[in-house]
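J.: All chains, please: the whole structure from these sequences, using the hints.
Number of protein chains: 2
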Amino acid sequence: MGRWEPNARGRLEQAALELYIERGFDQTTVAEIAMRAGLTERTFFRHFADKREVLFGGASMLQEFLVGAVAGAPASAAPIDAIARALQTVGAQFDERRDSVRQRQTVIVANTELRERELIKLASLAAAMAEALRGRGVTDPAAGLAAEAGIAVFRIAFERWIDDTDQRDLSHHIRESLAELKALTAGASSHGVREGLGQVPT
Amino acid sequence: MGRWEPNARGRLEQAALELYIERGFDQTTVAEIAMRAGLTERTFFRHFADKREVLFGGASMLQEFLVGAVAGAPASAAPIDAIARALQTVGAQFDERRDSVRQRQTVIVANTELRERELIKLASLAAAMAEALRGRGVTDPAAGLAAEAGIAVFRIAFERWIDDTDQRDLSHHIRESLAELKALTAGASSHGVREGLGQVPT
Numbered sequence: 000m001g002r003w004e005p006n007a008r009g010r011l012e013q014a015a016l017e018l019y020i021e022r023g024f025d026q027t028t029v030a031e032i033a034m035r036a037g038l039t040e041r042t043f044f045r046h047f048a049d050k051r052e053v054l055f056g057g058a059s060m061l062q063e064f065l066v067g068a069v070a071g072a073p074a075s076a077a078p079i080d081a082i083a084r085a086l087q088t089v090g091a092q093f094d095e096r097r098d099s100v101r102q103r104q105t106v107i108v109a110n111t112e113l114r115e116r117e118l119i120k121l122a123s124l125a126a127a128m129a130e131a132l133r134g135r136g137v138t139d140p141a142a143g144l145a146a147e148a149g150i151a152v153f154r155i156a157f158e159r160w161i162d163d164t165d166q167r168d169l170s171h172h173i174r175e176s177l178a179e180l181k182a183l184t185a186g187a188s189s190h191g192v193r194e195g196l197g198q199v200p201t
Numbered sequence: 000m001g002r003w004e005p006n007a008r009g010r011l012e013q014a015a016l017e018l019y020i021e022r023g024f025d026q027t028t029v030a031e032i033a034m035r036a037g038l039t040e041r042t043f044f045r046h047f048a049d050k051r052e053v054l055f056g057g058a059s060m061l062q063e064f065l066v067g068a069v070a071g072a073p074a075s076a077a078p079i080d081a082i083a084r085a086l087q088t089v090g091a092q093f094d095e096r097r098d099s100v101r102q103r104q105t106v107i108v109a110n111t112e113l114r115e116r117e118l119i120k121l122a123s124l125a126a127a128m129a130e131a132l133r134g135r136g137v138t139d140p141a142a143g144l145a146a147e148a149g150i151a152v153f154r155i156a157f158e159r160w161i162d163d164t165d166q167r168d169l170s171h172h173i174r175e176s177l178a179e180l181k182a183l184t185a186g187a188s189s190h191g192v193r194e195g196l197g198q199v200p201t
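Chains as they are written, first to last, in numbering that gives the first Met the number 0: chain S, 0 to 201; chain Y, 0 to 201.
These are computed hints drawn from the structure, not numbers from a lab.
One or more hints might be untrue.
Stated by the list, open to error - Among the chain S residues that face chain Y by a calculated CB cut under 10 Å, a handful are: (1) 5; (2) 80; (3) 113; (4) 114; (5) 145; (6) 175.
In this text, a Cβ means the ideal position worked out from N, Cα and C, and glycines have one as well.
T.: Below you can see the structure in the form of C-alpha cells.
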C-alpha cells in the first residue's frame, strides 16, 4: 500500500464504529480498527490520538461551528432564536450522515464512561453558546438560560430523531421540541411555583 | 476519645471542606481530614467511602427527595410546576445550610474532575425527575424536556444564589430564572427558527 490512503480517516472511523458496536468500545484495539480498515496503526495515529478521539474528535469543530452560527445570527434575532438557528444548521449536517451519527450514538449509549464524556461535551457546548450570546450583548441570566435550554431541546430532539421510524429530519424534531418547551413553560403557574416553597411531599 | 463521637459526620465534612479549599481537593488526604476534625481515619471511613464521597454522598438522598417531591405534587400540577415545586423544596434546604453549600461549590469549581462529576450528578437528577413525571402520566417529549429545563433553571438560579451579595433565598432565584426562561421561550419566533435551516453563517 502506498503512503497516500484514499479517505483513510473516513475508513478508520467506519471500521472503528463497526467494531465498537460488534465487540464493545473497551474490547476494541487500535490494531483491530486499522486491520478492519485495511490500514496500518501508524496511519490510525496520524488521524486520531486514541480510540476515543474517533468518537469525540469532532467536538471542537462542532463548538466552533455553533459559536459562529450564534454570533452570525441577524442582530434582530432573539437569544433563543439565535441558539435555535445554530442548532438547526447542525441538525442539517447530522441529517446528511444519519447512519454514522446513529452508529456513534449506539456506541456512546452502551458505555458509561462515553456517556459521561458526551454529557461533558454538551455542557461545554452550552457554555460556549452562552458566551457567544454575551458577545451579542445578551445579559445573564438570559444568556446562560437560553444556551442551556437550547441544549436541552437539542438532546430531546436528538433522541427522538434517533428513534424516529419515519426518518423525519432532525430540524423537524428541534422545531417540535422547542415548541413543546414553549408550551411547557407557558403553562407554569407562578402561583403553583410559590406554593411549592416549604411544602415537602413525603 | 470514646467510640461515640458527637456529630462526627458533620465535623468530618466541615474539616474536609476547609482543607479542600485551603490546599485543593487533590492535595488533601483522609488522614489530614480526620486530624483536623479531631477524629481517627477509622471514624472517617465509618462515614465516607473516600474523600470524594464527602462532596457527593448526599446525591442519592437528593435524588430520592426530588423524585418524591415530583411524585407527590398535586395531580392538577402542570409538569413544569411539579418540577419547580420539587426544586423549590430543595432550595429551601440549601438556604438552611448556605455556608457549607457555598464552600462545597468553591471546591467543585476549582477541580475539573469534580466539575465533571457534578455535571453527571445533575444529568442523573434530570433523568430521575423525567421518570417521576412519566409516573404521573406525562408523556415524552414533555417529561424529558420539563426535567431538563428544570435542571437548567436550577443551575442558573444556583449560580446566581452563590454570587448574590444580597443573600436572597435560592427559591427567589429559582422563581426568577423560571420566569426568565418563560419570557425567553415566549420570544421564540417560529419564523426565525424555520429560517435558520440551511443557512450556515460563516
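J.: Now tell me if each hint is right for this structure.
T.: Here is how each hint holds up against the structure:
no.: 1; hint: 5; result: violated (27 Å)
no.: 2; hint: 80; result: holds (4 Å)
no.: 3; hint: 113; result: violated (12 Å)
no.: 4; hint: 114; result: holds (9 Å)
no.: 5; hint: 145; result: holds (5 Å)
no.: 6; hint: 175; result: holds (8 Å)
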